[in-house]
Amino acid sequence: MVVWTDFERATIADIFSKLDYEAVGGATLARCLIVYPWTQRYFGNFGNLYNAAAIMGNPMIAKHGTTILHGLDRAVKNMDNIKATYAELSVLHSEKLHVDPDNFKLLSDCLTIVVAAQLGKAFSGEVQAAFQKFLSVVVSALGKQYH
Amino acid sequence: MLSAREKELIAEIWDRLTPVAEDIGAEALLRMFATEPGSKTYFSHLDISPSSAHLRSHGKKIVLAIAEGAKDISQLAVTLGPLQTLHAYQLRIDPTNFKFFSHCMLVTLAAHMRNDFTPVAHAAMDKYLSAFAAVLAEKFR
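The listed protein sequences correspond, in order, to chains A and B.
So for the first sequence, this note's numbering puts the first residue at 1; every next one is plus one.
So for the second sequence, this note's numbering puts the first residue at 1001; every next one is plus one.
In short, the hints are calculated from the structure, not lab data.
A hint or two may mislead.
[As the list claims (entries may be wrong)] Heads up, simulated DSS-like pairs for lysine-lysine below, C-alpha to C-alpha not over 30 Å straight-line:
| hint | chain 1 | residue 1 | chain 2 | residue 2 |
| --- | --- | --- | --- | --- |
| 1 | B | K1061 | A | K144 |
| 2 | A | K144 | A | K77 |
| 3 | B | K1071 | B | K1061 |
| 4 | B | K1071 | B | K1007 |
| 5 | B | K1071 | B | K1127 |
| 6 | B | K1071 | A | K144 |
| 7 | A | K63 | B | K1061 |
| 8 | B | K1060 | A | K144 |
| 9 | B | K1099 | B | K1061 |
| 10 | B | K1139 | A | K121 |
| 11 | A | K18 | A | K63 |
| 12 | B | K1127 | B | K1099 |
| 13 | B | K1061 | B | K1007 |
| 14 | A | K121 | A | K105 |
| 15 | A | K18 | A | K105 |
| 16 | A | K121 | A | K133 |
| 17 | A | K83 | B | K1099 |
| 18 | A | K63 | A | K144 |
| 19 | A | K63 | B | K1040 |
| 20 | A | K18 | B | K1139 |
| 21 | A | K121 | B | K1127 |
| 22 | A | K63 | B | K1139 |
| 23 | A | K133 | B | K1007 |
| 24 | A | K121 | B | K1099 |
| 25 | B | K1060 | A | K121 |
| 26 | B | K1007 | B | K1060 |
| 27 | B | K1099 | B | K1139 |
| 28 | B | K1139 | A | K105 |
| 29 | A | K105 | B | K1040 |
| 30 | A | K18 | A | K121 |
| 31 | B | K1007 | A | K121 |
| 32 | B | K1071 | A | K133 |
| 33 | A | K121 | B | K1071 |
| 34 | A | K77 | A | K121 |
| 35 | A | K121 | A | K144 |
| 36 | B | K1040 | B | K1060 |
| 37 | B | K1099 | A | K105 |
| 38 | A | K133 | B | K1060 |
| 39 | B | K1127 | B | K1040 |
None of these values were measured; they are calculated from a predicted model.
Looking at chain A on its own, in the form it has when it is part of the complex (with noise of 0.2 Å):
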């Protein structure tokens, strides 16, 4: 059982009820292809990943993105039930999509940049811990179902 403090409930509601969901996702998702190239493996019919800019500027990353920042927010809304909430996406990030847990990581780790870069100087230690911690139970709940 997750155990959460009145304080990183708060800062959570409060990270994303600032976020620009479709501006955060697309630009996540690109950072994370770009920073961690061995991850556009799982993108290969997402059309012209051949640079940075090409990544940036690309549409259908951007939406998927969007769709990963909304499945984060069923977990923003159910935080004391992270693993339930996420037992099906586990089971498809696993049987359907083969995605190597470790992705889970990389990926948080650019959200927590792209949120530092939104937030500024407001995303303190504190804050980030905060976002850490509710990023590992996440990622955690999400390699529940590999087996």
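Since the structure of chain A is already known, use the hints to place chain B on it.
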């Protein structure tokens, strides 16, 4: 593998940040202490509270070493020789902490540079900090 353009970009960024080395270094350390409490165990002999003199001077040392290395990345093993020895035989910091610190440095850069911390800059910087950490750990065993 760093391209010539990436090396330029990295050197440029650290050159710009050298005047605020104390701020950047202290912030990266504080972020690491907040997110990885185990890292604090290496600092039991210092005052690492926010804005403490120890924290700021230590952060400055680290950032200046990183900035110095950035001036000629191909010479990292030479530039870091003494620091390699220090970390291997005296400090003996578990190398996973280098990863934690690098990540917190990237977050610090993002918080300061905002949109200027582009994906390309991020990729270059991540590669540089990984290389730096690897060289630093070379004498460990």
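Structure-based check of each hint:
1. K1061/B x K144/A: Answer violated: K1061/B to K144/A is near 41 Å, above 30 Å.
2. K144/A x K77/A: 19 Å, holds
3. K1071/B x K1061/B: 16 Å, holds
4. K1071/B x K1007/B: 9 Å, holds
5. K1071/B x K1127/B: 15 Å, holds
6. K1071/B x K144/A: Cα-Cα ~44 Å, so violated.
7. K63/A x K1061/B: 43 Å, violated
8. K1060/B x K144/A: 41 Å, violated
9. K1099/B x K1061/B: 18 Å, holds
10. K1139/B x K121/A: 37 Å, violated
11. K18/A x K63/A: 19 Å, holds
12. K1127/B x K1099/B: 12 Å, holds
13. K1061/B x K1007/B: 22 Å, holds
14. K121/A x K105/A: 24 Å, holds
15. K18/A x K105/A: Roughly 22 Å between the alpha carbons, so the hint for K18/A and K105/A holds.
16. K121/A x K133/A: At roughly 19 Å apart (the allowed maximum being 30 Å), K133/A and K121/A satisfy the hint.
17. K83/A x K1099/B: Distance ~27 Å between K83/A and K1099/B Cα, so the pair holds.
18. K63/A x K144/A: 26 Å, holds
19. K63/A x K1040/B: Not satisfied, since the Cα-Cα distance of roughly 41 Å exceeds 30 Å.
20. K18/A x K1139/B: Outside the cut-off at roughly 46 Å; violated.
21. K121/A x K1127/B: 25 Å, holds
22. K63/A x K1139/B: 46 Å, violated
23. K133/A x K1007/B: Distance of about 33 Å is beyond 30 Å: violated.
24. K121/A x K1099/B: Roughly 22 Å between the alpha carbons, so the hint for K121/A and K1099/B holds.
25. K1060/B x K121/A: Distance ~19 Å between K1060/B and K121/A Cα, so the pair holds.
26. K1007/B x K1060/B: 22 Å, holds
27. K1099/B x K1139/B: Within the cut-off at roughly 17 Å; holds.
28. K1139/B x K105/A: 29 Å, holds
29. K105/A x K1040/B: Within the cut-off at roughly 23 Å; holds.
30. K18/A x K121/A: With Cα atoms ~15 Å apart, K18/A and K121/A stay inside 30 Å; holds.
31. K1007/B x K121/A: Judged against 30 Å, a Cα distance of about 27 Å means the pair holds.
32. K1071/B x K133/A: Roughly 36 Å between the alpha carbons, so the hint for K1071/B and K133/A is violated.
33. K121/A x K1071/B: 28 Å, holds
34. K77/A x K121/A: 26 Å, holds
35. K121/A x K144/A: 34 Å, violated
36. K1040/B x K1060/B: 17 Å, holds
37. K1099/B x K105/A: 13 Å, holds
38. K133/A x K1060/B: With a Cα-Cα distance of about 28 Å, the restraint between K133/A and K1060/B holds, given a limit of 30 Å.
39. K1127/B x K1040/B: Cα-Cα ~25 Å, so holds.
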